[in-house]
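Let chain C serve as the given structure and place chain U on it in line with the hints.
Line by line, the protein sequences are chains C and U. Using the numbering used here, you'd call the opening residue of the first sequence number 1 and step up by one each time. Using the numbering used here, you'd call the opening residue of the second sequence number 195 and step up by one each time.
No lab work stands behind these hints, which were simulated from the structure alone. Some hints here could point you the wrong way.
Computed, partial: chain U to chain C, Cβ under 10 Å [as the list claims (entries may be wrong)]:
1) W237
2) L246
3) F364
Values in this document were obtained by computation on a predicted structure and should not be read as measured data. For each residue, glycine too, the CB sits at the ideal point set by N, CA and C.
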Amino acid sequence: MKKDLRILVVEPNPERVREIFDALHKAGWSDVRAVAQISALERTVRDFAPDIVLIDLTNPDRDMLEHISHATEASKRAVALFVDQTDEDLTQAALTAGVSAYVVDGLKMDRIKPVLQTAIARFRMMRQMHSELDAAKQALEDRKTIDRAKGIVMRQRNLSEDDAYNLMRKTAMGQNRKVIDVANALVTAADLLS
Amino acid sequence: MSQTTLNCGYVPLVDCAPLVIAKELSFASEEGLALNLVRQPSWSALRDMLALGHLDAAQMLSPMPVAMSIGLGGLPAKVDTLMVLSVNGTVFGVSNRLAADIGHVPFGDAHAMLEALSLQKGKPLRIGVPFHYSMHRLLLSYWISTVPGLTIEEVTVPPPRMADAIADGFVDAFWVGEPWGSVAVQQNVAQLMMSGRDVWQFAPEKVLAVRHDWVEANADIGRRLMRAVYQASAWLDEAQNKPLAVEILGRSEHLSVSPDLIDPALTGRIVPKLNAHPEKIERFLRFHKHAATFPWRSQAAWIASQLGADAGGIQKAKKCFRSDLYRQNLTGLGADMPGASEKEEGALQFETAVASTRGHMILAPDAFFDGRTFDFTDAFR
Numbered sequence: 001m002k003k004d005l006r007i008l009v010v011e012p013n014p015e016r017v018r019e020i021f022d023a024l025h026k027a028g029w030s031d032v033r034a035v036a037q038i039s040a041l042e043r044t045v046r047d048f049a050p051d052i053v054l055i056d057l058t059n060p061d062r063d064m065l066e067h068i069s070h071a072t073e074a075s076k077r078a079v080a081l082f083v084d085q086t087d088e089d090l091t092q093a094a095l096t097a098g099v100s101a102y103v104v105d106g107l108k109m110d111r112i113k114p115v116l117q118t119a120i121a122r123f124r125m126m127r128q129m130h131s132e133l134d135a136a137k138q139a140l141e142d143r144k145t146i147d148r149a150k151g152i153v154m155r156q157r158n159l160s161e162d163d164a165y166n167l168m169r170k171t172a173m174g175q176n177r178k179v180i181d182v183a184n185a186l187v188t189a190a191d192l193l194s
Numbered sequence: 195m196s197q198t199t200l201n202c203g204y205v206p207l208v209d210c211a212p213l214v215i216a217k218e219l220s221f222a223s224e225e226g227l228a229l230n231l232v233r234q235p236s237w238s239a240l241r242d243m244l245a246l247g248h249l250d251a252a253q254m255l256s257p258m259p260v261a262m263s264i265g266l267g268g269l270p271a272k273v274d275t276l277m278v279l280s281v282n283g284t285v286f287g288v289s290n291r292l293a294a295d296i297g298h299v300p301f302g303d304a305h306a307m308l309e310a311l312s313l314q315k316g317k318p319l320r321i322g323v324p325f326h327y328s329m330h331r332l333l334l335s336y337w338i339s340t341v342p343g344l345t346i347e348e349v350t351v352p353p354p355r356m357a358d359a360i361a362d363g364f365v366d367a368f369w370v371g372e373p374w375g376s377v378a379v380q381q382n383v384a385q386l387m388m389s390g391r392d393v394w395q396f397a398p399e400k401v402l403a404v405r406h407d408w409v410e411a412n413a414d415i416g417r418r419l420m421r422a423v424y425q426a427s428a429w430l431d432e433a434q435n436k437p438l439a440v441e442i443l444g445r446s447e448h449l450s451v452s453p454d455l456i457d458p459a460l461t462g463r464i465v466p467k468l469n470a471h472p473e474k475i476e477r478f479l480r481f482h483k484h485a486a487t488f489p490w491r492s493q494a495a496w497i498a499s500q501l502g503a504d505a506g507g508i509q510k511a512k513k514c515f516r517s518d519l520y521r522q523n524l525t526g527l528g529a530d531m532p533g534a535s536e537k538e539e540g541a542l543q544f545e546t547a548v549a550s551t552r553g554h555m556i557l558a559p560d561a562f563f564d565g566r567t568f569d570f571t572d573a574f575r
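Excised from the complex, chain C in its bound form (with noise of 0.2 Å):
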């Protein structure tokens, strides 16, 4: 019987939408609609009138969707889930997750826990695999002003690239910084005088 809840996902990024549809539609639940922009927010909200609307804590439009959830007739009963603060474990979970949940309708408490343990799962998830993405990412980057840097020391002390890469390693220990950290500084200055 658990088919019957609708829930709302509201998420600017078409491919998080589609994680946490398939995580969903996966556990049971079908009648699950997506929406992206704030202009249609409000209008979903009344259209759909759905039972649960999940949002990701650091999503801006919270603020919105809460106005909207204590402002409009249709759902005079919208609660913030994170209310409910006889499940600390659950608000926890949600909260480091990254997941707010505002429950439209006075639903109860033992079926809205499925539908947001999946969906806690799934943010878990994907917040793990974008810091992993940005960290591979910053990796790249650093790279390549490493590589740039290192360029420069050759050229101008006449080095090869091990004893270039030695001489910032040995100047970045000296003043307690980073490689990346002379680097950067390096790369500046050459812009700068170039």
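Chain U alone, transformed into the frame defined by chain C:
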């Protein structure tokens, strides 16, 4: 002295300045606090993080602790206001299209502006505010409600998106905190018509909030936090410090906008329209002078009454503005304390000397645009 780390939430607006200055100019570390400023994406997120203990303290919109105390707005929790962080500092602006429709209205004339709005035909105007429980929204509702039959639609829009919302026609007007009004002007999508103080001359805007239980359990940390913020606010209100304040706020990672968008609020020179001369606005944004940091219990009562609270709710609201802690914790710093913790809100038309512990206190005008006054002391007796 080993430093106590304190996680403090804020939303990137010019009036988060007391927290940034407390950290960057070491007022906090002198009190033995490592102030970890944690930027929040929305007011609801900030509220949840504070209520559930992920933050120790936070900059809040002044109506938020009151709403929470009387059980409104999603998350009932006991949150106390330790002190006021800023007074005034908001602007009301309209889209260029609406500005063309209403014609010339003198800047800062709340009566003329209201008349112009009530002459607008067609669908109710959509007016953007940052959050339902904000001073912006309360002032807007108070102002609009003085014209019987004038209806508007209040729409919540995250402040950084206010300029886009007005450019897209999603809202016709807005009430927002700086720098976001100046941003809309710079993008040539809106004109500023008045500032918040044209409706209420001394409106508590942001407050320093903590959980009631937290401050009970961490009285000494709370005291040191209040001392640091008090000193930062005193520093901020000195005219000669303004240029440095603009620079610090501009270059810090806390507020990612350019200094020329921070300057108008701090110096009270607001450019209402692209390429227009700035309007010099007295007390546009106050951090310290005129007992700005004092959490008047009557301010809490006014907020509660605007939120529709009954006598019991007003009592609860008064208790969450901790003028008792303010007296207890800041007297040692030489702060002047008013003789009372409540005043008749709206009664002062001019700067007025009042009884205080050191005898130097001059309060700024706090009149409402329509001359009404609010005395909540009767309910207290």
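Comparing the hints with the structure gives:
1. W237: At about 5 Å, which falls below the 10 Å cut-off, the nearest Cβ of chain C leaves the hint on W237 of chain U intact, so it holds.
2. L246: It holds, given that the least Cβ distance between L246 of chain U and chain C is near 6 Å, below 10 Å.
3. F364: It holds, given that the least Cβ distance between F364 of chain U and chain C is near 6 Å, below 10 Å.
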